[in-house]
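Q: With the hints as your guide, set chain B onto chain A.
Protein chains in written order, with the numbering used here: chain A, 1 to 166; chain B, 1001 to 1286.
The reader is advised that the hints may include incorrect statements.
Here are the computed distance ranges between Cβ atoms for each label pair [said to hold, decoys possible]:
hint, chain 1, residue 1, chain 2, residue 2, range
1, A, Arg163, B, Asp1262, 53 to 63 angstroms
2, B, Arg1099, A, Pro26, 29 to 39 angstroms
3, A, Gly24, B, Arg1084, 31 to 41 angstroms
Simulated from the structure, these hints should not be mistaken for lab results.
Even glycine gets a Cβ: it sits at the ideal position worked out from N, Cα and C.
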Amino acid sequence: MKLARFLVSTLAAIGATVACASAGIPLLSRVDWILIAVAYQAAGGAPTSATIGGAIAGLAEDVLLQPLKGANAFAKALLGYVLAMLSLRIVFAGALAVAGVLAAASLVNDLIVAALGRILLATPVRIGAESFARAALTGAAGGALYWAWRFPWREEWRRRQRRKLR
Amino acid sequence: MRMPDSRIALPGAASRRARSVLAITLGACLLLMSAQARPGGGGGPTVLDRAGLAIFTPVVEGASALSRVGRAAADSVASYFFARRENGRLSREIAQLERENFRLQAEATEAQRLRQLVRGEAFLPDVRLAAPLLAIERRGGYRRGLLGAGSASGVEPGSPLAVPEGLVGRVLSVSPRLAKVILVTDADCAVGARVVRTGEQGVVRGEGSGLRMDFVSALARVVPGDRIETAGIDGIFPAGIAIGKVHSASRGKSLFLAIQVDPSANMSRISDVLVLAPAPVGNAGS
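Chain A extracted, bound-state conformation (with noise of 0.2 angstroms):
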């Protein structure tokens, strides 16, 4: 199950990376789809694997689109840990606090990456406006996505059937 839950939500965030680049939406291709999957493992509560789901999602984005192969597998399988520890501490209840979480974990990750980058590859490090668009996107889509799979379609959806009953 937790290889399932890690193999579709890995797969599904490269090719929304890949959908949203090619559709041309500026908006969504700026959103870190795959620490998004990360942060889907970790709200397992099972912070082994979210690590290592972590380290594996991070390490396909590297293969594809980065210069310095690990860095983002670093900064995932970290985020992935300290996801999973938190969510065995503290239940984030609601859409708004699931955006704040994963704008501030994309935060982190691009600063990792930033500094991996100046340390070994002596590339200059950027943190800015795009790092912070970045992070604010990834939040509003990790929350909208997070409040979409919380509402209760079924009972909505049985409710609007009941009112056009009567």
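A: Just chain B, lined up with the frame of chain A:
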């Protein structure tokens, strides 16, 4: 957000195991990164690059195809509603292009006459194919992307990428059907360039969102609006491709001007690019 009653911390053994897995995973990542940071270790494409591109090719191609179908459907619905307005716009555009074509033909004739006078060779970029840019990563100073064509279509590492407006980047590594590319705005990208009006040469570097031009003498007269193009001095990019326009030029701290350049190509809205043939060895300095 609230503290749960039902949820409890992990038992000691599970917690220790989770910490061990974290330490081993982070250690493995650090080892992988250190291997690339060695001199000569991070330059070219690696086995990991090629394997990763090959593994994810079906996912990437499937997602790209799906999104393009969706976009085409949305476009056709939109064009049905806006056909009349679109028709008018296209008529105006055709008229403008005809005028432009007339002017360019005159200029081409003039250029040919001048070339005959100086016995110079004409430069025309060798366009191999047009390919979609499937994804762009914008993290920190990095601007990397995935190209939806690979070695099977004739894409080679080092192939320059451009759009009609100007230079976009170059190919880093290829698999049969995908290629990893670096955009000209990436902090690790450098291009040999020259100011078209004065002929001053320098190096254009990426800054994430924009570009800057280094190593242009402080005595050079560079003004905002000057066009910058590839100089063909780096052995990677052929000469004569537009890079951008000077946004500002001021005296830097050293002997060189601090020149900010606006890219000609709109980097935030690139969907398809032209893949050019790599610069031939020996083109450097031509």
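Q: Compare the structure with the hints numbered earlier in the document and write down the numbers of the violated ones, lowest to highest.
A: 3
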